[in-house]
Structure formats: structure tokens, C-alpha cells
Amino acid sequence: MSGIAAAAFTYAFAQSGCGSLRTRLMAAEVLLRPSGALWLEAEGALVVADLHLEKGSAYAARGQMLPPYDTRDTLRRLAAEVEALAPRVVILLGDTFHDRRSESRLAADDADRLRALACGRTLIWVIGNHDADGPKALPGERAEALSLGGLTFRHEPRAGLQPGEVAGHLHPAALVRASRGSVRRRCFVTDAERAILPAFGAYAGGLNVRDAAFAGLFARPPLAGALGAGRVHAVGWRSLAGD
Amino acid sequence: MADAAGPAPDLLPPRFADWFAGRGWSPRAHQLAMIGEARAGRDALLIAPTGGGKTLAGFLPSLIELSERPPANTPRGLHTLYISPLKALAVDVERNLGAPILQMGLPVVAESRTGDTGISRRQRQRVKPPDILLTTPEQLALFCAWEGARLYFENVACVILDEIHTLHASKRGDLLALDLARLQRFAPNMRRVGLSATVDDPEVIKNWMASHRCAPSTTSWSPSPVGTGEDFSTSDPPPRAGEGDREAVEGALGQGAASIDLVRGPAGAEPIVEILLSEGRVPWAGHTAQHAMAEVYEVIRKSKTALIFVNTRFQAEFAFQELWKLNDDSLPIALHHGSLAPEQRRKVEAAMARGELRAVVCTSTLDLGIDWGDVDLVIQLASPKGASRMVQRIGRANHRLDEPSRALFVPANRFEMLECQAAREAIAENRLDGDPPRVGALDVLAQHVMGCACSEPFDLLALYDEVRSAGPYRNLIWEDFEQVVDFVSTGGYALKNYDRFRRIVKGPDGLWKVRNAETAQRHRMNVGAIISPAMLSVRIAMRGGRGGRKIGEIEEGMLEMLEPGETFVFAGQVWRLVGVTNLDVLVQPAPAADPKMPSWGGSKFALSTYLAKRVRQLMYDQEHWRVLPTDVREWLEAQRDRSVIPEEDEMLLETFPRGKRHFMVVYPFEGRLAHTTLAMLLTRRLERIGAAPLGFVCNDYAMAIWALNPLDGLDFAELFDEDMLGDDLEAWLAESFMMKRAFKGCAIIAGLIERRFPGQQQKSGRQITFSTDLIYDVLRRHQPDHLLLRCARDDAATGLIDVARLGQMLARVRGRIRHAPLEHLSPFSVPILLEIGKERSPGQAGEMILREAAEDLIAEAMQ
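In order, the protein sequences belong to chains W and V. One point on numbering: in my numbering, the residue at position 233 of the first sequence is 233, and numbering is uninterrupted. One point on numbering: in my numbering, the residue at position 738 of the second sequence is 738, and numbering is uninterrupted.
Worth double-checking, as some hints may not be accurate.
[As the list claims (entries may be wrong)] If the Cβ cut is set under 8 Å, some of the chain V residues that face chain W in the computed set are: (1) Thr-490; (2) Gly-491; (3) Tyr-493; (4) Leu-495; (5) Asn-497; (6) Phe-501; (7) Arg-503; (8) Leu-752; (9) Ile-753; (10) Leu-774; (11) Ile-775; (12) Val-778; (13) Leu-779; (14) Arg-781; (15) His-782.
These are calculated hints, taken from the structure and not from any lab test. Just so you know, even glycine gets a beta-carbon here, dropped at the ideal spot from N, CA and C.
With the sequences and hints as input, model every part of the structure.
And the structure:
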């Protein structure tokens with residue numbers, strides 16, 4: 001299916017105790033968390049991408065009454081990560097809101113949950129294509145991109161090789177096929193030079209990492225960190241199937 | 001050729017009597033009886049075997065009425081509505097009805113309307129209805145969701161429901177029953193006529209099709225602006241939910257069911273059923289009957305026209321391929337199954353009708369009454385799974401009652417041999433499997449409520465009454481109805497975020513109506529209660545990676561077993577998979593290649609409870625073994641000598657070591673679904689008690705579990721205790737892929753999501769898959785008692801995991817587990833053990849597959 005030859009080099013990665021995958025990103029050491037968040041311990045920075053808050057109500061406005069619990073579900077999982085890691089900085093890596101009017105549809109208690117996240121730490125809204133305006137009434141700083149710990153954080157991955165870039169936007173998903181069946185999960189994609197984060201939002205869809213959108217972004221066949229039950233599975237490029 | 005029924009000239013007008021006489025026929029007793037029913041204005045259910053002139057019996061009264069109508073200057077509305085479960089059948093009946101209309105010169109227009117009908121014809125039919133409209137339940141539901149449905153149907157005198165036995169016990173049947181209730185409101189004098197093949201219990205069907213008129217709940221609203229004398233003028237105050245209400249419904253239940261007259265056609269000649277033994281041998285395992293193909297081919301050669309039934313599409317492809325390998329005489333042998341493009345199917349049907357084919361390999365798509373008079377033999381490859389289904393299939397052969405139908409069973413393995421023998425005896429005794437009565441599904445009701453709102457404003461209480469007049473919903477409680485309406489309006493969430501997005505709104509006049517025209521339009525795009533797995537179009541690859549001519553459709557799951565470059569059989573030819581783009585599977589012909597056959601599993605039908613019981617009886621009764629072929633008898637004898645033949649009411653449980661594993665095999669004969677559920681639940685229990693189970697495999701007859709630790713010392717009574725259907729079941733079910741699958745079906749039917757969902761969202765021109773699993777997970781965490789989760793659980797419990805069947809089985813074997821601790825595997829266990837490794841277990845192996853893939857990576861990295 002793919003013309004990419006088998007990788008003839010070894011990735012340095014290790015399974016950590018909490019089910020995360022520990023890997024190197026340029027000079028930085030990061031943890032890929034089973035929740036889909038990236039933890040940059042040296043800076044105390046927690047990074048999540050593509051929350052797509054209020055996607056449910058965006059559908060409801062068009063007549064499809066999806067359960068209105070996606071925002072609180074997403075925020076609850078984010079709050080759990082914040083509680084577990086006590087970060088100094090929380091970076092929302094773009095498309096935090098599903099559309100430009102999402103913030104106005106936000107339920108009061110969900111807005112409170114968001115404010116609570118910003119309490120006692122820096123909350124940074126890297127803006128994305130869905131939420132280019134950034135937050136209106138909510139706390140936090142708006143940024144086009146951000147440099148931290150030798151890494152660059154932006155929403156949409158730049159074309160070509162971008163050593164040190166951490167991005168979201170593409171919603172990577174890994175498909176693994178076996179004779180017993182197949183399994184599709186959200187995943188991290190990384191080649192130890194750059195990383196693309198899975199979407200964190202409850203209703204965010206996935207794009208197969210074999211899709212052409214990922215072509216040319218990596219210097220060598222990347223590794224997929226597939227989100228399993230309480231564990232990130234490191235899956236090699238050759239084991240990944242296209243749709 | 002016809003019955004010796006006495007002439008009844010007063011029932012049959014001269015023009016019709018002459019027509020019968022002119023064809024050398026005389027009307028049959030049940031045909032005259034149906035005319036009598038019509039004259040008396042009665043609803044009627046006709047039960048007659050295939051070939052008994054059933055369809056004509058259904059239409060004769062309408063043809064007579066229409067021929068006796070005085071001429072009119074103004075166009076008249078629809079007179080008779082005919083509903084068929086299959087599009088092809090509606091088209092077929094249109095053709096068959098053409099003959100008497102033409103030959104008698106009747107001033108009657110009869111037209112079909114299906115999803116395949118061209119747009120101009122459909123538009124014309126809406127403006128100028130034919131006298132007789134032949135259509136499907138889905139089209140009727142669509143009609144009922146149009147504005148002006150009331151006007152369109154207000155003159156309907158008769159509705160004919162064909163092959164009703166295939167419809168009533170399903171969600172399609174629920175939807176049809178609701179639409180009938182609606183039609184009855186539009187046309188209070190409409191008669192209901194049901195046509196059914198032989199069934200075990202006609203009362204079930206009568207209850208389904210009857211109009212359960214109950215005391216009306218309301219005096220508040222007469223829904224028709226043009227209505228003449230609505231039949232609910234004054235009455236008691238509105239019954240809110242409560243016991244009094246329920247009593248009223250139950251009182252009406254009896255009346256409703258009694259108001260359908262039962263007419264029986266003549267019994268046909270006894271069918272002749274034989275079992276094919278290839279060189280007297282039956283294989284140990286397998287599902288394809290490949291071993292017997294040469295003999296099957298010989299039988300086809302000696303027959304005029306044969307129908308070859310199989311249980312799955314892939315078995316159909318396989319059998320077709322095998323037969324053509326043997327087809328040195330180039331006999332015209334065709335293929336017919338639901339995945340083929342409609343044009344291709346129609347071609348086969350037409351060739352069959354012209355008598356040009358010698359054999360058709362087909363699935364249940366041809367179970368129903370399409371009239372192919374020349375079929376003289378029905379072959380069933382692999383097991384029939386139920387006596388009723390088999391009678392129906394055998395009925396396809398020889399549509400003449402005085403000559404017996406001929407059928408040949410070809411068992412694919414030894415347990416199937418037992419099953420074929422049991423089915424053969426059941427058919428000879430005319431003992432059929434029964435259907436349990438059905439309770440209408442609430443997701444279907446939600447779709448119907450939305451459809452009603454799209455058609456015209458409704459009053460809540462009036463609609464409640466109308467819905468309860470439909471058989472499957474006659475016991476619907478007010479709370480459930482309210483919950484459904486709330487769901488239709490805002491999604492039915494505890495969190496009231498969506499009030500401003502309501503799909504239906506209550507107006508100042510107290511009536512509910514659809515929010516706007518766009519919402520109504522979107523609903524109409526999503527009508528119907530058939531949920532099929534995601535289907536991809538198979539197209540011939542063109543230059544530039546585009547898809548050319550469409551060959552048919554394939555289930556998404558089937559594709560997972562193929563890699564680009566590999567070859568497979570589809571639509572009777574060998575193709576090479578080029579790739580997949582969006583919803584197209586691109587292929588190139590690869591005629592010379594040796595195709596990879598994807599694994600197809602066994603039958604999708606569970607063995608009927610009744611047939612399973614007969615198989616157990618046959619197995620236990622050693623005297624009875626005489627009727628079985630030698631190798632099967634020897635197999636049973638070896639089982640008796642090396643293990644145990646269980647008593648009729650016992651369940652055999654064998655334990656034995658094999659390799660480094662310890663096996664436990666049981667033989668409940670309850671079908672693959674129930675066995676898989678049992679295996680899932682037992683695995684959890686075995687895990688808990690430290691037996692370290694490693695895997696399991698199931699087929700229709702048996703289930704095997706293997707573990708690291710010995711299993712023979714366990715307390716089996718406790719292990720198989722019925723309490724596994726409590727917490728264990730709920731805990732497992734909540735996480736299981738079956739709930740997710742069931743949820744998706746319910747969500748589509750109920751209108752929570754649209755059929756095109758998972759909405760292929762365009763993201764910079766790319767496909768983002770937004771799975772309904774995400775919605776399921778969120779809803780389950782935040783509102784576990786939501787209406788749709790309830791629906792999904794009910795569906796999963798019946799359709800996908802067969803909890804009811806499992807429950808009956810656990811009750812049956814309580815205190816009757818016969819444990820045979822063995823040193824080696826037993827003769828019975830061989831077929832099931834041979835299936836290990838061939839079976840797919842979708843959704844359950846996810847983590848293990850990922851873990852393995854991660855290990856692959858380590859191996860890859862260490863190279």
C-alpha cells in the first residue's frame with residue numbers, strides 16, 4: 001500500500017509506569033499520555049489539541065440532537081489530567097472551540113469548569129482554523145504559536161520537515177488490522193523530530209495517518225502512539241493500515 | 001388443476017367467471033372466500049402455501065370493486081394499496097396483475113412504486129394516483145411523512161399486506177403497523193388484508209395486523225379539516241398513564257385480534273425432501289459444502305431449473321464459483337444476492353422469468369414469493385437453520401399444489417447432518433418454528449412521530465390513541481410515548497440545552513408541528529427502518545484513480561480482510577483490489593487469478609429453538625441413528641464410547657487437556673449468538689476465579705473455551721448459574737461493541753443522526769470519520785437511562801447477543817449439566833476445535849491486536 005521502505009533505525013521510546021509512552025522530541029523529553037495529552041515535564045506544560053468544545057450544540061442547531069454532554073466530558077478529562085500532573089502551563093493547541101459561536105453556546109457550569117482550569121496557572125489558547133478569534137470572556141492568553149522548552153507549539157503542522165514542532169489539527173487515527181479483526185484508535189504521530197497530537201475532544205473525529213495529509217511531514221516512517229485502555233501502544237508504520 | 005370448490009356465481013361477477021373459464025380454471029375456495037370477506041367489509045388474513053393463487057385471492061375483491069365502479073368525470077383517489085416486503089416482489093406483482101386486467105379489459109390502473117422507480121413516474125403518481133399502488137413499507141412511510149398524505153389516502157378502500165409473516169416481527173413491521181394506523185385514520189373504512197405463507201401461530205399475525213381500536217383518550221381535537229364524521233366525538237376524560245388506561249388497552253386487544261377473519265388455503269402436496277450424501281460421507285467441519293459440489297452440479301444437470309439457497313453472500317459467491325469450475329456443459333447458472341447492483345439482479349430475475357436459466361445460486365433475497373413457475377428443485381447448501389424458513393424455500397419449487405415440491409439438503413458438516421435430518425422430519429410432520437410476539441420498538445416510534453409532524457400538525461393525545469391502535473404498540477404506556485415525543489423534539493436530554501433548537505414545536509393551537517420545511521425535508525431523506533452495515537460501492541477502476549461502472553456493494557467489514565493487490569470473488573467474477581477512495585472500492589478484473597476467499601464465518605441465522613430441540617432428541621435417541629449415514633453414525637458411536645451422549649434434557653460439558661491448554665467444550669445447540677454471549681460471560685467468570693482463560697470459539701452447536709489452568713475441578717453449576725445474566729451481563733454489555741452497533745442502528749432509525757452519518761466531514765478535502773461510538777460513550781457516561789440506550793440494549797439483547805435464548809438455555813440446563821472429564825478431545829469436539837483460528841471476533845480483540853502490533857514494532861526495531 002505504501003512505498004515507504006522499512007525503517008532501518010531504532011526509535012528510543014519506553015513505556016512508563018502510568019501507561020504513557022516516554023519519547024524524545026529533539027532535545028526535549030516528553031510523555032505521550034493515554035488521555036491524548038502531551039506532558040512536557042521540564043516546563044510543567046500540559047498540551048492538548050482539538051477540543052472542539054460545543055460540537056454537539058453545533059449539530060443540534062442544524063437539527064441533529066447529539067447528546068449535549070460533549071463539552072463537560074472533554075473538560076472533565078482535561079481536569080483529570082490537570083489534577084494528576086499539576087501543570088504550570090496548559091496549552092490548548094487550537095480548535096478548542098468547534099466554531100466561532102461556540103463560546104456563546106457554552107453552558108454556565110461548563111464555562112466555570114474552564115475558568116477553574118485557568119486558576120493558579122497559565123492557560124494559553126493557541127488559535128486554530130475553527131476558533132481564530134480566541135476566547136472572548138474566558139481567561140487565558142491568545143497566541144498564534146508558542147515556543148517552549150526548545151519546541152514550537154502551533155495548531156496546524158507546517159508543510160515539510162519542521163524539527164521541534166508540536167501540532168494538532170489533523171486528528172490522527174491509527175488503524176491496525178489483524179486476522180481477528182481490526183481496531184481504529186486516535187493516536188500520536190512522531191518521528192522524534194516533530195509530533196502531531198490526537199484530538200482530545202469527545203466528539204472529534206479521526207483521520208487515518210496513512211492519509212496523504214501526513215505525507216512529507218516526517219523525515220522517516222513515524223511511530224504511532226495509539227490510545228488504548230489506560231495505555232499508549234507504540235505501533236510501527238508497517239503495522240498501520242490505510243482506510 | 002383447481003380445487004373442487006362449488007361455483008358461487010353471486011360472488012364472482014360474470015366477467016370474472018368467464019375469465020376463469022376461458023383459461024380453463026375455476027376459482028378456488030379461498031379465492032371466493034376472500035371475495036366474501038370483502039363484500040362483508042371484513043378484515044381478513046389468508047394463509048396459503050406458495051402456489052395457491054394467494055396473490056390473486058388478495059386482489060380479486062379489489063379488481064371486482066373497481067370493475068363495478070360507475071364511470072366518473074373527476075379523477076379518483078387510490079383504491080387499493082399493496083405492500084410487499086421486497087421491491088422486486090412489488091414489480092413482479094405489477095406484471096402478474098397486468099394479465100387479468102388486460103385480458104378482462106378492466107378499467108384499472110395498477111402501478112408499482114419503489115426506491116428504484118424513476119422520478120417522473122413518482123411525481124406523476126403523487127399528482128394522479130393509480131387505482132392500485134404496489135409499494136414497500138419504506139415508500140409508505142415516506143408517503144405518510146408528506147404534507148397532503150391525508151388527502152392522498154382518504155379514499156383507500158383496501159390495503160393488502162403480502163408475505164406478512166416476514167414483516168411482522170421486525171422493526172420494519174413496527175413501522176408498517178404505525179403507518180397502517182395512520183392510514184386508518186385517514187380512511188376509516190379501509191379494509192386490511194394479509195397474505196401469509198403457512199405459519200405456526202396465526203394469532204400472532206392477526207394481533208399484529210389488527211386495528212386495536214380502544215377508547216379514545218381525548219375529545220379535544222378533530223384532526224381533519226376535510227374529515228367526515230371522525231369516530232371519536234365524545235368519551236371519557238383523557239386517560240393519563242395508569243392502570244385504568246392499561247385495562248382499556250387490554251380490553252381492546254381482544255376485540256382487535258378477533259376482528260380479523262382467518263381464511264385458509266388448501267394444503268399443498270407433501271414436499272419431498274432428500275439429503276445429499278457426497279459418496280456417503282459428511283465432512284467433520286466447514287460451512288461451504290465444497291466436498292459435494294460435483295454431485296450438486298450433477299443434480300442441476302438433471303433438473304429443469306434449480307434454486308440453490310445458501311445462508312450468506314459469501315457462501316453464494318463461493319458456490320457460484322465452484323459450480324462454474326465444474327460447468328463443462330456451460331449451463332446457464334446465475335447468481336443473485338443483496339450485494340449485487342439492482343440492474344444485475346433484475347437481469348437475473350428477468351432471465352429466470354423467461355425460463356432461460358438452469359440454476360440460480362441465491363441468498364434469502366429470493367426467499368419470497370417471486371413467481372418462477374419452472375423451478376422444479378430447491379437445493380439448500382449447508383444447514384437450513386429453521387423449519388419454517390425451509391418450508392418457505394421449498395415452496396419456491398413447483399408452484400403447483402397438486403405436485404410435491406422437491407428439495408435437496410446438502411449438509412456441510414456432521415452437526416449440520418443432524419440438523420438437516422431433524423428439519424426434514426419436522427417438515428414431514430408439518431411442525432414449524434414459532435415467532436414470539438413483538439413489542440414495538442421506541443426508535444421506530446420516534447421516526448414515526450417525526451413523520452407525522454412533517455405531514456400535518458398533531459394533537460398529542462390523539463396521536464397516542466392512534467399509535468396504540470397499532471398491534472405492536474397496543475400496550476404502549478403514556479410515559480414512554482411522552483419520552484419519545486420529547487426525544488423527537490429536543491433529543492430527550494436531562495440537560496435542557498437544546499430547547500431553542502427543537503425539531504418539533506407546540507403551536508399556540510396546542511398542536512405539534514415540524515419546526516420548518518428544511519427539518520421536514522431532512523427527515524424525509526432518512527425514513528425507513530432497514531439498517532444495513534456500511535456499504536461501499538464496488539467499481540471498476542478507471543485511469544486517474546476514479547471509479548467507473550458500479551458492480552455492486554460490499555459490506556465495509558468484508559474489505560478489512562483484503563489488501564490492495566489481492567484478489568477476491570465478487571458478483572461471480574475474480575477481481576483485484578486496486579484501492580479504496582471515499583465510499584468506492586476500486587477493482588480490476590483478474591480473470592485468471594486464484595482468488596483469496598475472505599473468511600465468511602458460518603450462517604447469520606441462528607438455529608431455531610424448535611429445531612435445536614429436535615437435534616438434541618435425534619442425538620439422544622440411538623434407535624434413531626439408523627437414518628443417518630454411516631460415517632455420522634460411527635461418529636456418534638465413537639462419541640458414546642469415548643465420551644458421553646447426553647440425555648435429551650442434559651447439556652454435555654467436556655473438559656480435556658490439549659497441548660499446553662485446558663479446554664472446556666459445551667454443546668447447547670442454541671446458535672452462534674447465544675453461544676458467543678455465553679462465552680463472553682463465562683470468560684469473565686473464569687478470569688475472576690483464576691482459571692486464566694485465553695480464548696474461545698463458537699458455532700451454532702457448540703462453544704469451546706481454553707485456559708492456562710485446568711478446568712475440570714470447577715463448580716459448573718455455579719459457573720453456569722443464571723445470575724450471569726445480571727451484573728456480569730450488564731458490565732460486559734456496556735463496554736461491548738454490540739451495544740455500540742445496536743446504538744448506531746437505533747440512532748439512525750430514531751433520527752438522532754442521519755443515514756449518511758458517520759458524517760463524512762470534509763477537512764481540507766479529506767475524510768474525517770466521526771464515529772457514533774463517540775456519541776455512545778458520552779451518552780452512557782452522562783445519561784445512562786436515555787431512551788436510545790434503552791432501545792439499543794433491547795436490540796442487543798434480542799438481535800445481537802440473544803440474551804433471551806441464553807436465559808432459556810441456562811434455565812433448561814440447571815442441575816442438568818453432564819460433565820465428562822476426558823484425557824483427550826472427543827469426537828464431538830473436533831468440528832468446533834477445527835474452527836479455532838478461522839473465526840473473527842470483531843471488537844473484542846482490540847487491545848490484544850494493539851499489544852501485538854506494538855510487539856511487532858519491537859521486533860521491527862531489533863532487526
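Hints and how they fare:
The interface hint given for V/Thr-490 holds, since its Cβ lies 6 Å from the closest Cβ of chain W, which is under the 8 Å cut-off. Evaluation of the V/Gly-491 hint against chain W yields a held restraint, the C-beta minimum of about 3 Å falling below 8 Å. Taking 8 Å as the C-beta cut-off, the interface hint given for V/Tyr-493 holds, the closest approach to chain W being about 6 Å. At a threshold of 8 Å, the smallest CB-CB gap from V/Leu-495 to chain W is about 5 Å, leaving the interface hint in force.
Annotation: interface hint on V/Asn-497 holds; nearest CB of chain W at approximately 4 Å, less than 8 Å. Against a cut-off of 8 Å between C-beta atoms, the interface hint on V/Phe-501 holds, since the closest Cβ of chain W lies about 5 Å away. Interface hint at V/Arg-503: satisfied, since its Cβ lies 6 Å from the closest Cβ of chain W, which is below the 8 Å cut-off. Taken as an interface hint, V/Leu-752 checks out: its beta carbon lies about 6 Å from the nearest beta carbon of chain W, inside 8 Å.
Given hint, V/Ile-753 at the interface with chain W, holds; its Cβ is 6 Å from that chain's nearest Cβ, closer than 8 Å. For V/Leu-774, the suggested interface contact is upheld, since its CB lies about 6 Å from the closest CB of chain W, less than 8 Å. At about 6 Å, the closest approach between the beta carbon of V/Ile-775 and any beta carbon in chain W falls short of 8 Å, and the interface hint on this residue holds. The interface hint given for V/Val-778 holds, since its Cβ lies 5 Å from the closest Cβ of chain W, which is under the 8 Å cut-off.
Taken as an interface hint, V/Leu-779 checks out: its beta carbon lies about 4 Å from the nearest beta carbon of chain W, inside 8 Å. Annotation: V/Arg-781 was flagged as interfacial toward chain W, and the flag holds, the nearest CB pair being 6 Å apart, inside 8 Å. Here the hint on V/His-782 is kept, as its CB sits about 4 Å from the closest CB of chain W, short of 8 Å.
Hint compliance for this structure: every hint is met.
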